[in-house]
Amino acid sequence: MKHRVAIPLDLRAELAQEAQALGVDEVQLEEALAWMLANDVAFEEGEGLARRYSICSVDIEPRIGHPLARRWFARLKGQVPASLVPLYGYNLATLRDRALRVWEQLYNIIINKIPSHNLRLAWLRLGGAKIGKGSSIWRNTEVLGIENLRMGEDSVIAWHCQVDARAGLIIGDHVAIASHVLIIAGSHDLAAPEFWSVSAPIRIDDYAWIASRALVGHGSHIGRGAVVTANTVVAKVVPPYKIVGGSGAKVMGERPHELNYRVGGKGLFTFLH
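Mapping to this note's numbering: the sequence shown position 48 is 46, numbers consecutive.
Treat the hints as calculated values from the structure; they're not laboratory data. Please note that the accuracy of each hint is not assured.
Claimed, not checked - Derived pair list, reagent style DSSO-like, types lysine-lysine, alpha-carbon separation capped at 27 Å:
id, residue 1, residue 2
1, K111, K75
2, K75, K0
3, K0, K111
4, K248, K264
5, K0, K234
6, K128, K111
7, K234, K75
8, K131, K264
9, K234, K128
10, K111, K131
11, K264, K128
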């Protein structure tokens, strides 16, 4: 099984620090890393500056036979701002996950069409979402991975968006996400006959603006005050205050650095909101 989710650590470069945190020597941890890579617990792709690491996106911790690898996997799970998929079976983790998915589908089929900010936000929060004061998610927007959604204060996600938080979605304060935006946390390994899933957390920092019909792909980090223009596809780090658009999400300009405004999304379209 090679379903995987990205982590922000370079495991080889940070081996010494990780060994110290785990209370073992570097040689032992290097051996554990080799075991993890050989047994599809961790994944290493690319070379040099393009090298990146992932761990299995299914919570296989109970099945990891190597004791140190099991301890390290438990620690690395904390690098993912989302819950891993449980090992399905007759257990509480499976029951909880199934209940959350039913709760999520009820939101996406029924609740997200009800004209009440308070009801919709209450439903999301009861499902585990953390949504700050003054923030809103407008009607007909679908949310996947409700329990992994983190949204700051005074931010808005407008109509008819798809918000995929299954690998972790962190949205800052005063963020404006316009209508029909797609935020997609995963893809698939096109080089693998098994079509394994690959995913990565998405971060959208304070004062960012995602314009209509943009697509924000897995692993994106939209910096503070950055703008993704309409119909743009972005799947990379966008530096703070930069305006990106067009093919390859090229830099088109820069915003002022002294941003100081409120989005006020809950105050817009208040009739039957």
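- Which of the numbered hints are not met once you compare them with the structure shown? 1, 3, 4
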